[in-house]
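Asker: These are the residues of each chain, in order.
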Amino acid sequence: MNQSLESFLYLVAAVAFIVGLKRLTSPATARNGNRLAALGMLLAVITTLLDSGVVSLTGIIAGIIVGSAIGVVAAKRIAMTDMPQLVAAFNGFGGGASAFVAATEFIRHPGAIDTRISIVLSVLIGSITMTGSFVAFAKLQGLVSGNPISFKGQKWFDSLIALAILVLGVLLVTSPTSLVFWVLTLLSLVIGVTRILPIGGADMPVVIAFLNAASGLAAAAAGFVIGSNVLIISGALVGASGLILTSIMVKAMNRTLIGVLAGGFGGTSGPQAEIGQLPVKRATADDVAITLAYARSVIVVPGYGLAVAQAQHVMKDLANALQERNVEVRFAIHPVAGRMPGHMNVLLAEADVPYDQLYDLETINRDFGRTDVALVVGANDVVNPAARTDVNSPIYGMPILDVDAATTCVVIKRSLSPGFAGIDNPLFYLEGTLMMFDDARKALSDLVTAVNTV
Amino acid sequence: MLMVSITVFILAAFVGFEVITKVPPTLHTPLMSGSNAISGITIVAAIIVSGRAEGALATTLGVVAVILATINVVGGFLVTDRMLEMFKRDPR
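Those protein sequences? They're chains U and H, same order as listed. In our numbering, each residue carries its 1-based index in the first sequence increased by 11. In our numbering, each residue carries its 1-based index in the second sequence increased by 1008.
Since the hints were derived computationally from the structure, they do not count as laboratory data. A virtual CB, placed ideally from N, CA and C, is assigned to each residue, including glycine. Incorrect hints may appear among the rest.
What the hints assert, rightly or not - Distance condition first, Cα-Cα at most 20 Å in a straight line; then the derived SDA-like pairs of lysine to any residue:
{"#": "1", "chain 1": "U", "residue 1": "K163", "chain 2": "U", "residue 2": "G270"}
{"#": "2", "chain 1": "H", "residue 1": "K1030", "chain 2": "U", "residue 2": "I89"}
{"#": "3", "chain 1": "H", "residue 1": "K1096", "chain 2": "U", "residue 2": "R34"}
{"#": "4", "chain 1": "H", "residue 1": "K1030", "chain 2": "U", "residue 2": "L47"}
{"#": "5", "chain 1": "H", "residue 1": "K1030", "chain 2": "U", "residue 2": "S258"}
{"#": "6", "chain 1": "U", "residue 1": "K453", "chain 2": "U", "residue 2": "T302"}
As the list claims (entries may be wrong) - Distance windows between CB atoms, simulated:
{"#": "7", "chain 1": "U", "residue 1": "L289", "chain 2": "H", "residue 2": "R1097", "range": "42 to 48 Å"}
{"#": "8", "chain 1": "H", "residue 1": "M1009", "chain 2": "U", "residue 2": "T374", "range": "25 to 31 Å"}
{"#": "9", "chain 1": "H", "residue 1": "K1030", "chain 2": "U", "residue 2": "G164", "range": "41 to 47 Å"}
{"#": "10", "chain 1": "U", "residue 1": "T267", "chain 2": "H", "residue 2": "T1068", "range": "39 to 45 Å"}
{"#": "11", "chain 1": "H", "residue 1": "T1015", "chain 2": "U", "residue 2": "S428", "range": "53 to 59 Å"}
{"#": "12", "chain 1": "H", "residue 1": "I1014", "chain 2": "U", "residue 2": "N337", "range": "56 to 62 Å"}
Model the full assembly from the supplied sequences, consistent with the hints where possible.
Answerer: Given below as structure tokens:
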């Protein structure tokens, strides 16, 4: 194929990615945008396959068939609740592909100094992304404990590896040998594991977003290796996307990226609060149903507990029952309501909740003061007023949903047990708060029945 | 060569920041899986290096790269489509 035509087709693919991402700015155009990006990818792949430099197609076609089969099965089978694991795994595959590209190219020819710098970056970022993502996957899937896992002297161990990687990287650029390359690869794979293991399950949304950025950077680095602009552009886009999401999650969780990556936070090793010392107002399904049925407006605050109880659909039934009585129902989604950015929105969309009933934190917080009932289901830390008032609280400064501003706040929860941060929630003891102690799914289905008989 | 690549990278990163800041939180999961599929563009590099690889080791590594990148691309776009299909506007 003509060199200029080839470059032009790659440019078209890159533009398709940018326009595709731009269409993701509205749910109405998003699906179309994703398909446009997919078409761009198809164009890029066909262009590459027609490239005269590609001599043996058999292995490549076989690889594409195997990869497609695995991709299709994974995409079709995955439950929406397991989406964080899937994205983590995909991040890992993307990173792995970049590392393998670098290795293949290094074996063929280490190249000039520019190429060698790129090979070091590609194998380093790619390998760390691969093993780091697989550890994140294992934690999210429950294959290894969500608690921080570390060993004595780990910080030293990691620092030593990082130093060795730096030295080997420089060595590979100045005087490339196979031994240096493979040791560098091995150490990059190791540090991906040892850096993610000490991070607690609660911080995984940040980790996935960060590894998403890393998978983009790995693709860009592979682009540096083979001198391909379409890879560099795509990698930079994904890197930017991942970094934006990382920053959003870090702010929403009141953490810093450094703090998250240092590990040791979350799991069940946090401070245990003294709980259940104060009286709470218990309410039955019938009490709550009357409050909801005669309200003008209700804001539902879903937390991950809702998804764990598989209660999204019955939540939607309750919303329907209320809307039939002309109660305005809206959903307030905290950025960390799910296990990854925007996760709760997908779970509610799956239960047919229209996206224009879903509101983000900044938009909805102004409205709690004018709302009759805030219904908190399976959420805890994200509605803890201590984040606003108690300077000694570990979550002080974290942006929360101001459910205590609503006339009545109903909390559906199994017990008074603390959330991820391991701290008590003063919301439960407020004058205007009603507690419904039950499993989310059972409580909501009781409420549907009760509302329909009011 | 490296400087040209760096220039393209930085300009594209700015475009990325501009475009992606405007993606609403409700679409952040599809954004992640969709952008993840786009990062599967490594498939292009995987095909090129496999196509010119010599020897058993390099050929094997190249094909593994193709498999991994393809999973990323095909799985990523499909699962994003599956999610976006569920996002519906209020009929009322």
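Asker: Indicate, hint by hint, whether the structure satisfies it.
Answerer: Checked hints:
Between K163/U and G270/U the alpha-carbon distance is near 19 Å, which keeps this suggested pair within the 20 Å criterion. Between K1030/H and I89/U, the direct Cα distance comes to roughly 28 Å. Violation of the 20 Å bound is thereby established for this hinted pair. Taken as a hint, the K1096/H and R34/U pair is honoured in the structure, with Cα atoms around 16 Å apart against an allowance of 20 Å. Taking the CA atoms of K1030/H and L47/U, the gap is about 18 Å. The hint holds against a cut of 20 Å.
Note on K1030/H and S258/U: the hinted pairing holds, with a Cα-Cα distance of about 14 Å set against a maximum of 20 Å. With a C-alpha separation of about 18 Å, the suggested pair K453/U and T302/U falls inside the 20 Å cut-off, and the hint holds. Range check, L289/U to R1097/H: Cβ separation about 44 Å, and the 42 to 48 Å hint holds. Under the hint 25 to 31 Å, the C-beta atoms of M1009/H and T374/U, about 47 Å apart, miss the expected range.
Hint check: K1030/H to G164/U, Cβ distance near 46 Å, so the stated range 41 to 47 Å holds. Against the hinted window of 39 to 45 Å, the Cβ-Cβ separation of T267/U and T1068/H comes to about 42 Å, which satisfies the hint. In this structure, T1015/H and S428/U meet the distance hint of 53 to 59 Å, their C-beta atoms being roughly 54 Å apart. In this structure the hint that I1014/H and N337/U lie 56 to 62 Å apart at CB holds, the actual value being about 59 Å.
The structure is inconsistent with the numbered hints 2, 8, although it conforms to all the rest.
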